[in-house]
Amino acid sequence: MHPHTFERLHAEGLISESSVEKVKAVSANKLFSLHWELKTVLYLGVLLLSTGLGILVYKNIDTIGHQVILLFIAAVSAGCFYYCNKRKQPFSFSKVPAPDALSDYLLVLGCLTFVSFIAYIQFQYAIFGNHLRLAGFIPLVVLFFCAYYFDHLGVLSLAITNLAAWMGIVVTPLRILRENDFNSETLIFTGITLGVLLIAAGELSRYRNIKAHFRFTYMNIGAHVLFISLLAGMFHFEHQFYLFIMALTGTALYFYKQALKDHSFYFMLILTLYSYIGLSYLVIRLLMLAEDIDLGAVYLILFYFIGSGVGLILFLINLNKKIKQNAGI
Amino acid sequence: MLAYKQEWLDNKVLHEEAEEAYKQQCISKEEKERIFQAYPVPFYTPNIYIRIGLFLLTVIIVLFSLGLLGLMFIQLVKESWQGLIIFFGLLTYGALEFMIHETKHHRSGVDDALLWTSISLFLSGCMMALPQDTPYLVYCLVIFMTTVYAALRFADTLMSIAAVIALLGCLFYACINMGTAGRIAAPLLLMIASYGIYAWARKWDWKTTWRHYKHCGSIIEITTLLTGYLSVNYLVVREASNEFFDLNLEPGQSIPAAWLFWIFTILIPLAYIAAGIWKKNVILLRTGLVLIAGIVLTIKQYHHMAPIELEMTLGGLVMIGIAYVLIRYLKTPKHDFTSQEIDNTHLLEKVQGESLVVSESFTPTPAPAPGFNFGGGTGGGGGAQGGW
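Same order as they appear, the protein sequences are chains S and E. Residue numbers for the first sequence follow the numbering used here, so the first one is 2 and each next one is one higher. Residue numbers for the second sequence follow the numbering used here, so the first one is 219 and each next one is one higher.
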């Protein structure tokens with residue numbers, strides 16, 4: 002903010018004298034914020050420390066003995082939880098601000114070490130016997146509990162990715178396509194179930210007003226998992242693919258309505274892109290059926306992509322206008 | 219020179235200032251609305267997500283149009299197909315000018331995509347049209363001239379970065395051609411040139427005549443700070459000398475005047491940070507912080523200090539310690555510094571980027587399958603990430 006700009010605006014009668022004074026006062030003691038720099042350093046520190054400790058423990062299992070390591074991991078975890086619990090503000094079903102940046106990260110560290118603790122204890126002593134699902138389930142419950150109890154979005158994402166892993170899917174952004182085998186039918190159906198489950202959880206959060214700000218995280222991961230699973234189903238099932246097209250259309254319509262209601266540009270974008278992939282697949286498939294693959298079909302495909310691209314651009318521009326107008330009301 | 223209407227660009231800046239003043243509760247909502255009305259911005263600039271969508275779709279359209287055009291005319295042009303690509307690049311450029319002029323697009327995704335595709339098509343057409351034995355210097359010159367034009371015409375940051383790098387590329391290849399003396403001097407000359415451009419960008423008048431290029435100025439600063447460091451970084455210099463000058467260094471062997479490059483490698487990032495804090499310059503400070511990674515990587519490449527896990531643990535502890543102490547110390551602002559957030563509607567916060575980052579880096583591995591073992595820390599998604 003440059004004071005002279007606002008002085009000019011004042012001279013033109015657009016803003017009042019007192020507003021100019023306020024601008025001057027604010028720009029005079031402008032502080033230099035190191036907030037993001039410090040937070041990044043802190044985050045990297047937690048990342049390095051937890052990774053380093055993990056390897057340290059793994060490499061030295063033989064020399065230091067399991068009990069000592071377990072005790073150490075438990076101590077770190079307990080220490081983190083103790084600190085966070087002491088600093089936290091009273092629980093509420095609405096949004097509770099984090100007490101400070103440090104406990105934000107210590108909570109993540111505490112949760113991670115807790116997950117390691119359970120994994121270690123199961124590996125070494127098999128306390129859950131052959132019930133591996135149970136061994137995975139306990140950290141899951143603890144993670145979800147922590148997410149709600151401490152009101153932490155990062156831990157919620159962690160809980161959701163653990164839930165997905167427990168069900169057998171990798172859902173982190175960079176790995177969802179690389180590390181899942183979407184040719185497996187079980188995986189496709191698991192993905193659909195998980196997606197629906199997460200979306201339902203997101204809707205419930207808002208509907209019952211239980212941590213309503215968690216909705217975005219649920220909906221976001223849910224939407225990607227559901228869309229990708231439906232598309233995978235469409236590509237995989239040669240004969241029943243029309244069922245998946247119907248489901249895809251339904252899902253897209255549902256998100257379209259939601260996005261219009263919430264003025265969410267983000268969901269508009271992802272539903273458009275996923276539907277576009279589905280539509281393009283359908284068109285190419287139909288063209289391949291109609292003619293033997295000759296030059297005519299190739300021309301048609303090229304025309305389809307150019308035409309549909311232009312169409313979608315107009316659609317998005319129109320949507321942008323629509324959401325903006327509604328947002329103004 | 220600028221394709222976009224200057225008056226509207228000015229108004230856009232005014233809108234941003236008014237928005238900030240409104241957020242800091244200096245002006246009222248009515249006053250903000252009045253400013254918006256008095257200074258209209260008829261540009262078409264959609265929300266960032268719509269922009270991403272428009273960008274992707276425009277790229278799709280351009281690529282498939284190129285395919286269509288190629289299919290139709292390939293019989294006709296045969297050998298001179300490079301000409302077809304250049305022609306298509308120019309055609310895309312025409313579309314870009316049309317979109318900006320007629321439909322008032324400004325940073326809408328459409329103009330970004332058209333600019334980047336038209337320039338890359340044009341340039342790749344030119345590159346392929348040049349004879350095989352053309353010196354690299356000529357390639358760099360062509361890239362430099364094209365991107366400078368694009369940067370001036372559209373005030374585009376990516377084009378500014380490309381122009382700076384192409385210019386330094388010219389210098390590099392010119393040095394190499396000048397024999398042994400040129401080769402030895404190349405890193406130092408590149409560093410001097412980088413800091414020369416940096417000094418120019420710092421002093422240039424981005425406030426009045428060149429005000430619409432302000433963000434290009436900042437990006438040039440970042441680029442030159444990075445290239446200035448990289449051109450004298452020990453790792454880069456050693457490996458590049460090996461590559462370009464056929465030194466055939468064995469592991470453990472070093473380059474002439476290694477000590478000088480080691481000093482630069484370690485001192486430059488620290489100097490950036492110190493200067494950034496001293497001058498309260500965010501660009502210097504953040505670049506310096508990022509380049510700390512450069513120091514660590516370079517040292518680790520040639521010197522084995524301690525087992526990696528010990529380094530990570532200690533490094534992590536030190537970082538948490540420093541951040542903790544500084545956050546506590548600056549909680550109440552001191553010397554005009556604060557650890558508190560000033561503008562809390564940060565874009566990253568809006569998309570909850572942090573929670574995504576957390577889930578990405580601490581990622582669990584699915585399904586404790588039968589025969590599950592605690593394999594190198596990947597099991598259960600605990601402390602260690604996959605790959606260790």
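In case anyone wonders, no lab produced these hints; they're calculated from the structure. Careful, some of the hints might be misleading.
Derived, one-sided and incomplete: chain S residues facing chain E with beta-carbon distance under 10 Å [said to hold, decoys possible]:
#, residue
1, Ala12
2, Leu15
3, Leu49
4, Met247
Label pairs and their in silico Cβ distance ranges [stated by the list, open to error]:
#, chain 1, residue 1, chain 2, residue 2, range
5, S, Ala26, E, Met345, 48 to 58 Å
6, S, Lys87, E, Lys552, 24 to 34 Å
7, E, Thr550, S, Lys87, 56 to 66 Å
8, S, Asn61, E, Ile517, 42 to 52 Å
9, E, Tyr547, S, Lys322, 32 to 42 Å
C-beta atoms are modelled at their ideal positions from N, C-alpha and C, and glycine is treated no differently.
Hint-by-hint comparison with the structure:
1. Ala12: Because about 12 Å separates Ala12(S) from the closest Cβ in chain E, which is outside the 10 Å limit, the hint is violated.
2. Leu15: For Leu15(S), the interface hint holds, since the closest Cβ of chain E sits about 5 Å away, which is under 10 Å.
3. Leu49: Holds - the Cβ of Leu49(S) comes within 10 Å of chain E, reaching about 3 Å at its closest.
4. Met247: violated, 24 Å
5. Ala26(S) with Met345(E): 48 to 58 Å: holds, 56 Å
6. Lys87(S) with Lys552(E): 24 to 34 Å: The hint (24 to 34 Å, Cβ to Cβ) holds, given that Lys87(S) and Lys552(E) are roughly 26 Å apart.
7. Thr550(E) with Lys87(S): 56 to 66 Å: violated, 22 Å
8. Asn61(S) with Ile517(E): 42 to 52 Å: violated, 25 Å
9. Tyr547(E) with Lys322(S): 32 to 42 Å: violated, 49 Å
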